[in-house]
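All chains should be modelled from the sequences, with the hints used to inform the complete structure.
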Amino acid sequence: MEKKDWINIFKIIVVAMSIPLLINYIFLSELKLVSTNFSNDAWLGFWASYLTCLFAAIACYYTIRSANKNSLQAIMQQNDILIRQKSDEIYKEIAGEIKLQVSLFNLVGFTSTMLVANEDNLFCAKEEVLKKKSSIAERQLHWALLKNLYLNSEFVSPIAAEYDIVWNNATAKLEEYAKLELDIFSAITEEKEAEQTICDADNALPKLNQMLSEIGSDLRITSLIAQYEKQKIETLQKQYEARLCRQTAIKQLNANIACLQPMQEDVFNASVKLLTKLVGYAFVREEEIK
Numbered sequence: 001m002e003k004k005d006w007i008n009i010f011k012i013i014v015v016a017m018s019i020p021l022l023i024n025y026i027f028l029s030e031l032k033l034v035s036t037n038f039s040n041d042a043w044l045g046f047w048a049s050y051l052t053c054l055f056a057a058i059a060c061y062y063t064i065r066s067a068n069k070n071s072l073q074a075i076m077q078q079n080d081i082l083i084r085q086k087s088d089e090i091y092k093e094i095a096g097e098i099k100l101q102v103s104l105f106n107l108v109g110f111t112s113t114m115l116v117a118n119e120d121n122l123f124c125a126k127e128e129v130l131k132k133k134s135s136i137a138e139r140q141l142h143w144a145l146l147k148n149l150y151l152n153s154e155f156v157s158p159i160a161a162e163y164d165i166v167w168n169n170a171t172a173k174l175e176e177y178a179k180l181e182l183d184i185f186s187a188i189t190e191e192k193e194a195e196q197t198i199c200d201a202d203n204a205l206p207k208l209n210q211m212l213s214e215i216g217s218d219l220r221i222t223s224l225i226a227q228y229e230k231q232k233i234e235t236l237q238k239q240y241e242a243r244l245c246r247q248t249a250i251k252q253l254n255a256n257i258a259c260l261q262p263m264q265e266d267v268f269n270a271s272v273k274l275l276t277k278l279v280g281y282a283f284v285r286e287e288e289i290k
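Residue numbers (the numbering used here): 1 to 290.
Hint data in this document are derived by calculation from the structure and do not stem from the laboratory. Watch out, some of these pointers could steer you wrong.
What the hints assert, rightly or not - Below are the SDA-like pairs computed for lysine to any residue, each with C-alpha atoms no more than 20 Å apart in a straight line:
1. Lys273 <-> Asn169
2. Lys273 <-> Asp164
3. Lys273 <-> Ala144
4. Lys126 <-> Asn256
5. Lys132 <-> Gly96
6. Lys207 <-> Lys230
7. Lys277 <-> Phe155
Dropping the structure here:
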């Protein structure tokens, strides 16, 4: 038993012994404050019964105390198990999220869209890039939620902040890469549209010039010829600008790939460091599971 238990038992004995002594003083002492017919034998019988009850009360106290202590230990152990189970679930969720984040920087998969992009599947390739941008936004949102819920304690917030910096820098460059891909697709689309417009003009102009030579001066045909020629010149300029934009975006894209490669390694190393720090960490407190 603990020291506190011995003190409580001592208090019980003192109080219990005081009551019979008080009775003895009132009923059986020479003062005869209250007259009774109790004999010494009766009084000794009372003491025997009383002490038996006293020791039974002490034993009962010890039994109840031990049972309460065991119950408390069992409850604490159960709480520890629940805390660990909940923490393991949270760790798996965080680890799964970080795994998805790191997978975004699989440059082979991210850049493959450009390798297979052509005029026939341009729309599908553009949709793939838009899905990648959406995935980046989804990962950023989920990571912010997990960080605010579980990674704001003094123990893990510094390492989480370090990972946050690496992750944000890398995703910013990844978003820039995706934007450049979309710029290239837009430029290719503009080139195709310009090419079709020039082709239409090249097909229409010879016919209009032939009609003009056959019927002589005609204001309407002359106006159409002027419009087609003006449209062709403007479209050639747009085609040139679109081609120049595409070439510039491709150069920037190649430069971004060179930047993304070390960032990919930084994200991986930061994720390993963060997950190592979180191993065995309890994300929830006892009062949160009650």
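Verification of the hints:
1. Lys273 <-> Asn169: Within the cut-off at roughly 17 Å; holds.
2. Lys273 <-> Asp164: The given pair, whose Cα atoms are some 12 Å apart, holds under the 20 Å limit.
3. Lys273 <-> Ala144: Cα-Cα ~18 Å, so holds.
4. Lys126 <-> Asn256: Status holds; Cα separation ~19 Å.
5. Lys132 <-> Gly96: 18 Å, holds
6. Lys207 <-> Lys230: Holds, at roughly 17 Å.
7. Lys277 <-> Phe155: Satisfied, since the Cα-Cα distance of roughly 9 Å is no more than 20 Å.
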